[in-house]
Amino acid sequence: MIEPVESKGYFVRLLTLFHLICLINFSSVEARTRHHKWEVKYEYKSPDCYKKLIITINGRSPGPTIFAQQDDTVVVELKNSLWTENVAVHWHGIRQLGTPWSDGTEGVTQCPILPGETFIYKFVVDRAGTYLYHGHYGMQRAAGLYGSIIVSLPEGVSEPFSYDYDHNIILNDWYHASTNEQAAGLSAIPFVFVGEPQSLLINGRGKYNCSLSTASGFAAGVCNTTNPECSPYSLTVVPGKTYRLRIGSLTSLSSLSFEIEGHDMTVVEADGNYVEPFAIRNLYIYSGETYSVLVKADQDSSRNYWATINVVARKPATPTGLAIFNYYPNHPQKQPPTVPTTGPLWNDTTSRLAQSLALKARQGFINTPPVTSDRVIVLLNTQNKIDGHFKWSLNNLSLILPQTPYLIALRENLTDAFVQDPPPDGYDFANFDIHSVAKNVNATSSNRIYRLRFNSTVDVILQNANSMTVNNSETHPWHLHGHDFWVLGYGTGKYNLSCDWRKYNVVNPIMKNTAPLHPYGWTALRFRADNPGVWAFHCHVESHFYMGMGVVFEEGIEKVGELPSSIKGCGESEGHHRP
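Just so we're aligned: the sequence shown equals residues -31 to -1, 1 to 548 in mature numbering (1 follows the signal peptide of the UniProt record, and there is no 0).
The hints are simulated quantities; they were obtained by calculation from the structure and are not laboratory data.
A portion of the hints provided could be inaccurate.
Listed next, with one range per pair, are the computed distances between beta-carbon atoms [what the hints assert, rightly or not]:
hint, residue 1, residue 2, range
1, F36, D469, 38 to 44 Å
2, S467, A157, 24 to 30 Å
3, E128, T194, 18 to 24 Å
4, T194, F160, 32 to 38 Å
5, N400, T337, 45 to 51 Å
6, V126, G164, 24 to 30 Å
For every residue, glycine included, the Cβ atom is placed at its ideal position computed from N, Cα and C.
The whole structure should be built from the sequences, with the hints applied where relevant.
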């Protein structure tokens, strides 16, 4: 016979057990493993109505969005079905703490994934925010190999701003020439630049003027404006509701201005870091950047509105990219009654610089930088020639990646894999004229790297200059792998080592992983060399990095664990087992 339980202690123990079960289940929700199985291959698609071979993931471009929660482990099993090309994928903005071999940078952290091979990337997403992924072999990002990563906060933790719904928007520019054709032109004598893109894409959709392809003699059916693949992306909103738009750019060349007709936006996040909110009418966004903006559907709900992107920082030769900001219950494809905006003046550097300066860390979420640095590296950005080939260089050195990836060479002490001499920390400050074409445009190819003392504080000053074209200085978005950096300041003209540091914001600087270098100006960054590994730092313009516009940092290599054999198999690691 079961005796009645009269003691309250039983219920206390039962309640305690229930709480323990909940905690176990809660912790499993907090730190799950998210598995993804991807096949990367070429397929014919028409993202801007013009049919061409593009790289897809599981038949899609942009690829599948990775959704995860802070501290989850992401596992991506990637099969390379390109058959005639290697591949590698970089997880842009993910710091890879403890997993530098999963950064996905061919030549730096891994050997490429060979045709027919399957490779497993495994990493922890340690911070909530809006991030990206893309190809990091050759110029495959421009061929369609890209997508988004959305990391949410742990259960029970709230954002410091409120909204009703969350939407993801990824921007790109689009070329009809293949990336192999583009790379061949960049490497040729005479030099053939990629030129301006044919279209701008919003969530993988754009609209090319097919009459131009007909005039150029392309076969009938190659361009078809009725193809549903290129119908405008439509973002449906409910009147009166507030939306968080997570906007990322993975353009291969273009800097962009994004705006929604008749609607103000409030910037609240940049590269996974909270921003002290400020209102804008248009968002300047550079390749590799992500932002969250809040927008309220507070306009006349009887009609739809244009969401547009336009090229800035280069003289536009590309039509406006169009999407529809669709007020429910209007039809999602009902065109707005207005003419789409052509955006701000393309060469209004002052306006773009002002937005860069407006980005500050949000009160309550300020990660104060060290007051001083242990090392200052000034990188002069120049366009050069090497043996008649056009290149981009830093302090007159143009990066070429070694056959043995740096991470493997350094961890296994393969000292013959690359030149051991360090690159210079500066340039001829006194005599170099940043406003003129250099008298001597010749540079040197180099695979030398910067060796940083572990846990030291490093300042990097990016200095822009005139290209090899008279009265031309280009915009360069710079991306650092494995870290966020503090953006201490921007300036115009030549950086002055003796006094410009006084202009730094060390009170509430925003932290980012990508920041622009504006024409004829400078950008000052600070970071802690506290992530053991080898990390690329490069211009995120695809053709510029292909032409040598990057450097590599090593820090704490002796603290890196045993390397997985799957990243080996090329250069001096050839013959090592690769499952």
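In ascending order, which of the hints set out earlier in this document are inconsistent with the structure? 2, 3, 5 and 6
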